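Colleague: So the protein lines, in turn, are chains A and B.
Just so we're aligned: the first sequence equals residues 0 to 398 in numbering that gives the first Met the number 0.
Just so we're aligned: the second sequence equals residues 0 to 398 in numbering that gives the first Met the number 0.
Keep in mind that the hints were calculated from the coordinates and are not lab data.
There could be a bad hint or two in this list.
Copies of the same chain look alike in the list, so a pair counts if it fits in one copy or across any two.
[Unchecked claim] When the alpha-carbon atoms are kept at most 30 Å apart in a straight line, the in silico DSBU-like pairs for lysine-lysine are as follows:
#1 223 to 380
#2 20 to 223
#3 43 to 53
#4 221 to 21
#5 136 to 221
#6 21 to 43
None of these values were measured; they are calculated from a predicted model.
One-letter residues, chain by chain:
Number of protein chains: 2
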Amino acid sequence: MRELATITEGIIGQPMFNIFKKVNEMERSGRKVYHFELGDSDFKSHLHIREATKDALDRDETHYVEHVGILELRRAIADHAEEHLRFRPGLNQVVVIPANAVIDFVIRCVADPGNEVVFSDPGFSTYIAVVSYAGVKWVGVPTKEEDAFHLDPDEIAKRITDKTRLLIINTPNNPTGAVLSKEEVEAIYKVAEERDIFLLSDEIYSRVVYGKVHHSAGVHDKCKERTIVLNGFSKGYSMPGWRLGYAIGPEDVIEKMGMLFQTIYTCAPPFIQRAGIAALKGNQQVIEERIEKFRMLRDLLVERLNEIPGISCPAPDGAYYVFPNIRDTGMSSAEFADFVLERAGVTLVPGTCFGTHGEGHVRMSFTKEPEIIEEACARMKDALSEFMSGTEERETAKL
Amino acid sequence: MRELATITEGIIGQPMFNIFKKVNEMERSGRKVYHFELGDSDFKSHLHIREATKDALDRDETHYVEHVGILELRRAIADHAEEHLRFRPGLNQVVVIPANAVIDFVIRCVADPGNEVVFSDPGFSTYIAVVSYAGVKWVGVPTKEEDAFHLDPDEIAKRITDKTRLLIINTPNNPTGAVLSKEEVEAIYKVAEERDIFLLSDEIYSRVVYGKVHHSAGVHDKCKERTIVLNGFSKGYSMPGWRLGYAIGPEDVIEKMGMLFQTIYTCAPPFIQRAGIAALKGNQQVIEERIEKFRMLRDLLVERLNEIPGISCPAPDGAYYVFPNIRDTGMSSAEFADFVLERAGVTLVPGTCFGTHGEGHVRMSFTKEPEIIEEACARMKDALSEFMSGTEERETAKL
């Protein structure tokens with residue numbers, strides 16, 4: 000019988016990429032759009048990383064390689080962990096897999112359909128997309144603007160049941176920018192340890208912090224017992240389209256994840272793995288300079304958004320998104336997103352794409368050229384000023 | 000509770016890559032090995048393809064792109080289908096996904112756990128690996144050496160039940176090299192049509208035929224009803240480590256596969272997609288010359304293998320593997336593989352990695368430098384001559 004499988008009902012994808020595709024079609028028909036929906040940047044991949052890739056292509060490093068990742072890259076990742084996470088994983092604890100696939104593989108390798116996975120609401124949309132199609136239940140831990148969207152370990156503990164297999168934390172957080180303190184990470188690790196569940200520590204934005212220090216949950220068990228550290232090159236090293244990431248974790252989980260990657264993908268392209276080595280071992284100053292640039296852009300976008308009626312926007316501590324409160328506009332997140340696309344040509348992501356507790360917020364990436372930020376905010380300000388004055392008139396009329 | 004999910008019990012990977020990893024570790028400890036286990040080649044990726052990639056890196060085509068694949072590549076794939084498959088698919092019927100992931104996604108998008116998928120035994124190991132972890136049942140259709148390993152449509156029809164969701168054909172076939180005739184493909188399509196099931200037509204070796212013509216099942220329904228054509232760049236264009244492939248199929252399936260790819264992987268790297276355009280649109284003569292070279296290497300390996308006692312090896316019509324019969328050695332496939340690795344330093348894949356009906360055979364890739372083929376065969380011949388004379392002595396002694 001020709002019918003689709005049950006999982007297809009749960010395949011929802013990543014909302015920002017669905018928006019991106021829709022808006023690209025609008026652009027192809029001549030519409031000018033200001034893109035703030037993706038976690039990409041307007042800036043180039045670093046030259047030394049692109050050159051390392053080209054050199055590898057010249058050497059014809061284009062053949063199959065071991066599915067777990069080439070030895071030099073796994074060693075470079077272990078070196079990096081030793082320097083930044085304060086422990087050195089064994090090479091059998093490291094596997095080279097794109098970061099989104101790490102999320103998919105960890106969830107599917109530790110949770111059966113019907114099991115539960117705990118993470119924050121709002122939380123990153125790929126977690127939501129994977130549990131949705133895998134038939135796993137998401138148990139959300141609400142995080143609130145008044146707590147600067149920090150996770151409360153007690154609120155996590157309350158939600159763990161006999162069906163919980165995995166807890167996911169994401170610091171710095173996408174979409175809220177919250178960076179957990181050392182004490183918070185330690186307390187969360189203890190919850191996972193006491194309840195004997197796996198802990199996925201999504202550290203993809205670990206390098207992208209502004210005056211804060213990133214703390215890894217991996218340090219507590221050296222990723223030998225239950226912690227799987229996810230990291231990659233898209234964010235800290237400005238390599239979004241390269242699709243290169245890695246996981247560090249207990250050998251039994253890492254082995255299964257590697258074999259699943261081998262089944263579905265064979266291996267990461269070797270010339271792209273050379274780019275990863277160049278990123279980890281090459282010039283770190285240009286990478287730090289890029290993050291300084293992001294800080295300036297964050298400050299610019301926050302300042303401009305706070306000048307717009309109906310929007311209030313705190314400055315995030317990490318990652319490269321703002322998550323402003325738009326409740327005073329009287330619109331829902333989805334209405335607001337439609338409104339600014341229609342009236343200002345600005346694309347952003349409704350907070351509800353990250354969970355029901357994202358209502359009242361929208362996500363905007365600030366890795367944009369300053370003039371784009373200025374223009375987009377000016378257009379939003381005009382549209383919202385007009386809308387809000389109209390709203391006020393309507394509200395006055397109602398009295 | 001910290002425990003692995005049920006699917007992990009079924010994650011077996013691709014045997015040739017498990018062999019490759021094990022043998023690489025032997026090589027690192029100083030052992031000389033002749034590699035015949037992988038579907039890779041000893042020859043470089045074509046220069047114009049590598050240069051197109053480098054140009055794209057220079058233009059910084061390293062950002063996120065639409066998950067379904069960039070428009071220019073999807074158009075080039077549609078052009079290629081029009082020329083080679085005799086129909087032009089709509090752009091919404093085309094999605095750019097690595098070929099192994101196409102296999103995984105098709106199976107998971109059309110078959111629930113407990114459903115059945117029908118394909119040949121011996122059959123490609125990724126099909127076996129995916130159904131194994133996905134909890135789908137493989138119903139094998141035995142193909143026999145005396146029929147040159149051709150699939151019999153009647154034997155397929157007999158095995159289709161109410162639980163069958165998908166039939167997979169693979170022409171040219173890995174591991175047997177069988178190339179189905181136009182009439183065979185048409186008869187197989189009719190079975191899928193009559194029983195109203197999906198048909199995955201794995202055409203990854205479509206360009207790699209020796210004096211035969213490749214026939215696609217896609218022509219019968221223009222991939223609009225039930226046929227999903229899988230193709231990619233690894234084999235015909237000598238791009239194994241690039242991980243670039245595509246599917247052409249009915250819009251409902253293609254949409255779900257694209258969204259699953261977006262969830263797990265976001266998109267194929269844009270600079271690699273440019274390589275795909277260069278492969279499809281660039282110099283086709285060098286590509287045809289490479290396939291001519293493979294034909295010479297096939298003939299050399301077949302000739303040398305037939306000089307070895309206990310081995311009989313027909314010349315395959317397509318793909319780039321031989322699948323010799325090794326029964327006269329008295330060893331099983333697995334014993335033979337261990338024996339030639341131990342005694343001759345040659346790695347190959349036991350036929351049983353492709354199903355129980357692969358017993359009595361082994362798979363060897365012939366995309367190797369001629370001197371490697373000569374050396375490896377000489378070593379196998381020495382080892383087997385010694386072994387067989389010992390066997391004969393032992394058998395004589397038994398009388």
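Colleague: When no copy is specified for residue 136 and residue 221, does a C-alpha distance of 30 Å or less occur within a copy, between copies, both, or neither?
Modeller: This pair counts as within: shortest intra-copy Cα distance 28 Å, inter-copy 39 Å.
Colleague: First find the shortest C-alpha distance between residue 221 and residue 21 inside one copy, then the shortest across copies, and answer within, between, both or neither for a cut-off of 30 Å.
Modeller: between (43 Å within a copy, 26 Å between copies)
Colleague: Checking residue 223 and residue 380: alpha-carbon separation at most 30 Å within a copy, between copies, both or neither?
Modeller: neither (51 Å within a copy, 47 Å between copies)
Colleague: I want to check one pair: residue 43 and residue 53. Are their C-alpha atoms no more than 30 Å apart within a copy, between two copies, both, or neither?
Modeller: both (15 Å within a copy, 15 Å between copies)
Colleague: Which holds for residue 20 with residue 223 at a C-alpha limit of 30 Å: within a copy, between copies, both or neither?
Modeller: For residue 20 and residue 223, only the inter-copy Cα distance (23 Å) is at most 30 Å; the intra-copy one is 40 Å.
Colleague: When Cα atoms must be at most 30 Å apart, do residue 21 and residue 43 count as within-copy, between-copy, both, or neither?
Modeller: For residue 21 and residue 43, only the intra-copy Cα distance (24 Å) is at most 30 Å; the inter-copy one is 39 Å.
In summary, the structure is inconsistent with hint 1 from the numbered list given earlier, while agreeing with all the others.
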